[in-house]
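These protein sequence lines are chains F and D, in that order.
For the first sequence, our numbering begins at 5 and goes up steadily by one.
For the second sequence, our numbering begins at 3 and goes up steadily by one.
Treat the hints as calculated values from the structure; they're not laboratory data.
Check the hints yourself; a few may be wrong.
[Claimed, not checked] Here are some of the chain D residues that sit facing chain F, going by a computed Cβ distance under 10 Å: (1) D18; (2) I65; (3) P79.
[To be verified] Here are the computed lysine-lysine pairs in the DSS-like style, where the Cα-Cα straight-line distance is at most 30 Å: (4) D:K103 x D:K37; (5) D:K93 x F:K10; (6) F:K237 x D:K93; (7) F:K169 x F:K41; (8) D:K103 x F:K320; (9) F:K368 x F:K396; (10) F:K237 x D:K81; (11) D:K93 x D:K61.
[What the hints assert, rightly or not] Restraint-style ranges between C-beta atoms, simulated for each label pair: (12) F:E265 x D:K62: 30 to 36 Å; (13) D:T46 x F:E365: 56 to 62 Å; (14) D:K81 x F:E19: 27 to 33 Å; (15) F:P21 x D:L80: 39 to 45 Å.
Glycine included, every Cβ here is placed at the ideal spot set by N, Cα and C.
Residue-level listing of the chains:
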Amino acid sequence: MAVITKDELSKNVAEEPSMMTGSTPPKEWMDTPVQFKPGNYAYPTKVEKLEYLDSQQGVSFPNARVWNPEDEDWKLPANWKEIIINGLADRLDRFRSLKIFMDCCVRCGACADKCHFFLGTGDPKNMPVLRAELLRSVYRGEFTLAGKILGKMAGGRKMTAGVLKEWFMYAYQCTECRRCSVFCPYGIDTAEITMMLRELLHLVGCGINWAMEPVSNSNRTGNHMGLTPQAFKGNVDFLCEDVESLTGVKVNPTFNRKGAEVLFITPSADVFAEPGLFTCMGYLLLFEAIGLDYTWSTYASEGGNFGLFTSNEMMKKLNGKMYAEAERLGVKWILGGECGHMWRVINQYMDTMNGPADFLEVPKSPVTGTVFDNAASTKMVHISEFTADLIKNGKIKLDKSRNAHVKATFHDSCNTSRAMGMLEEPRYILDNVLEEWHEMPENTIREKTFCCGSGTALNTDEIMELRMRSGLPRANAVKHVYDQHAINTLACVCAIDRATLTTLMNYWVPEVEVAGVSELVGNALVIEGENRQELTEGLRTLV
Amino acid sequence: MASIEHNGTSYEVDEDGFLLNGSEEWDENWVDYVKGVEGIGEMTDEHQKVIDSLQEYYKKNGIAPMVRILSKTTGFPLKRIYELFPSGPGKGACKMAGLPKPTGCV
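Isolated chain D, as found in the complex (with noise of 0.2 Å):
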């Protein structure tokens, strides 16, 4: 396991550089780090939106959103969130969220 330092705050992030400890250490230090390696320009309320509705999905369900619902709850079509997060809702949205990736046969 590896740990990234951002503005002199450090994460314990996994190979893939989601955070170990999910929401216990996830700030808007951490969003700004994440916005860096994915490439994403300026934080918009459209991303705030994203972020926000997958907290409060993952609170109540302990998993992820399917992307579906994700849209529904967002109001967002599925292109426009990857236009938001280019790697993707699984990818760059959880990250940013400080979801953990979701595994299995997907």
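Chain F with its partners taken away, still in its complex shape (with noise of 0.2 Å):
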């Protein structure tokens, strides 16, 4: 499929109204039907990946059928009103988060233009209060007295097919960053809503492909490539001998060793695709660096959890592994790649579903002595803030000017800033690495900083135009930094980020590079009896 040019998009977000409608709607919201076409919806799961993951114990993903969201027919089971409507009283009674979202909002509007979908498509439906009011208008009509018998007047309606697939088409326009919940006054997380009609969608089958075959080659491989152990292990093997023959440096990590101090995990994009390899080669040169005791797993060889994206169940089960290969390793604590979603999993909802870790130990650098209490309970500690505190407390030795062909800016991750607050960790280590770094616009950045447009599995290529549009306003940012400074690298902390803001400067701003704080950490690193050649453009360096 073609992708609208650059001019022709920008001029559409600026001047057309709506992404789906292509005008101003002229009727309510309500009676306003979503409309699928090509490039405006993911493709549903493949059935063998959702029968697979059906027959796998602790979850549930029922009625895999071929369909097609084009199609007037769904092909939805017989009583599937039924199960929505159960599967939301189920929710209410289980969640009382959700209780409290579905009842509370008072539509004051103030996260309407905070939603990055909502300013790159103008779709209404984008404002985050109305994509809640799309499970609200239902949970009214369907279980509060005042919409059974008011209806539309207390704004409630019954649950229809219609809904549904305005459900589909929405909750799939939301990466659940929370940039909107920053802004609500009541606190509402809208990305616990898009969770909840996710879930609820997978009860009748509908679910879409690049969320669900990750999950399921995670479940059956350990990590979302699909990679097998023997491949997992060839790839980190490759880095090392690049590594090598960049730097001089031999770095020998191991494999599912058993009474290793650390469980080191990271996405497994970081071991399969640029520019996530420099990050990973950035990891080896540095835990060679302070001679780290480590080792990597090729069971739990997945840091991302796109079962966040799915269900609470499968989130548990994938975040489960983890743990489970912590405490089968006899290792004390874990540390963590540069991984977004993983922390907020981390952060926000392991110690509920698979914790307390009690056989793991509160997290201690050896080399610092430093006591991470932040992840006593979590017993996972990240990246950043490990190399941080090592060069704190000057256990690393740094050159900058191994790092002078960068000039960077720095994207805070919608989660490692909003679901874990790790905010000055990345940006003491870019002080320390390079010469020069500036800042994006104050509203974009940290606790308000604009996603990527593209994370909870929307990185998809058929959707490309609308993660364009939804990328916007980040882009928008870095281009800002780009006029101002000439900047041509964007750093960040997030495996999904290395891969979508790749494309989407490739598109906005195809000047800048995007790059692993890590990776801009192993060029600057000084290792002793290391051998470097002429690194003009650090670890990417072709020699």
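Using the hints, build the complex out of the two chains.
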């Protein structure tokens, strides 16, 4: 599918009213049905992936079938309405947060223009308040007395096939980034509403393949990519050879080693595709430089958890693998790589899903002795926290001039910033490894950061225009720093970011490359006994 | 899911036009079909080397190789692979070799 050109899209975003309708909707939102057409929806889950997942313990993914969102008939199970209503009743009962979010919105509109999907598509149903209202209206119509009696007058409506289709459209035009929640006076977490919508849709077999194939792979082989143990090890070994030929430093990572002090887990894309590979080289060099006693695992070989974008049960199951492996190997604690949503799962859900992880110890850096009390419960430390502590205590030697080719800005991942509160550590690292870097505008960074536009498994090619639209607010802020300071690098700490921001930059700001913070650390590291080549582009240099 | 017909043989493909049943349905006729849709002029020994290398790795590992490994095993720099397969190793070459498209944070 040909993707619209940058010039055309820039014009459309600014001048056209709505991507969905192509005009200002003449009717009330409840009377404006969704229209599925190529490019505005992600492909449904492949049957064999869903059947495989449904056969697994602890999770349920029924009603696998071939279906097409563009068809009138979605081949839903005969009792689909009953399934949805019962599913909603069950979740209102189990999740107090959902019940509160359904009841407490006053429709003040503070969230409306904070959403990158609304800004990029101009579609009113992408205002977080209205996206939530898609579910809330059914809650009112089917579960509250006022809604049952007064219907539309009380903002209620009945569950229909049209409503279900609307849910599918807008549950997958939200990246669960939670920027809107920062501005909500009630703190309504719209991501949790989207999560519920997706869960309900899964009950009737409606999901997207770009989420479910990684979930299926992760359950089967341990990681999203579907890397088998030998391929996973082979890839890391391959990177070690590259590291050695670039720097003269021989790194010897171990795999599945019992008794290691630390288990290291990172997103599998870091050992598969650029630019994540360079981030991975950075980890390998850092661990070698400090002599860390650590191991990789080919079982828990994924930091990411697309279960978060799927269902609570799936998230729990995939997260459980990390801790099961940590227990099996007898490590003291877990060090996590540059991933976004892994940290949301760890900090907001792990403890009540799979915790407490009492069999592990409160993480303590073996190099500096620093105790990470913030991870006392999860037993898991972020690589940027770990690295910043090493720098602060003078335990690694850095040469900024080795990054002379880099002039950067920093993108806060939605999840490390808003779900973890990690704001200072990556910045402190950049201060110490780069000669020059500049912030993007204040309302687009830290807890107000703009999403890459393709998170929550929306990083698939068939919705490229949608992705370029929803990523525009982020790209626009990068463009601003580029215009002011001629930066050439967008640094980040998330694997989805590394992949999706690369595509986004190629489209909107092609002068800017994307790099993981650990890659920049690896570039600057001075290691005893090294024999570095002339690396004019750091670890990216082709030799 | 759709099916595609080429020279009298029919193939099950996904939305992106990748073979659903991989090596079970893959044959030289499929290669000829992909050659057309990918805008590849003549099949050369170099194309064949990339296809063979992908399939061999896939048989051993159950996944496509990372591009750097493909580059090393074939001896072709990435630039050359893109010249051979204009839509890239992940799309054009994997499609022609009958491998699935990689998913996840990529």
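| query | Which hint numbers doesn't this structure obey? | reply | Going through the list in order, the structure violates hint 14 alone and respects the others.
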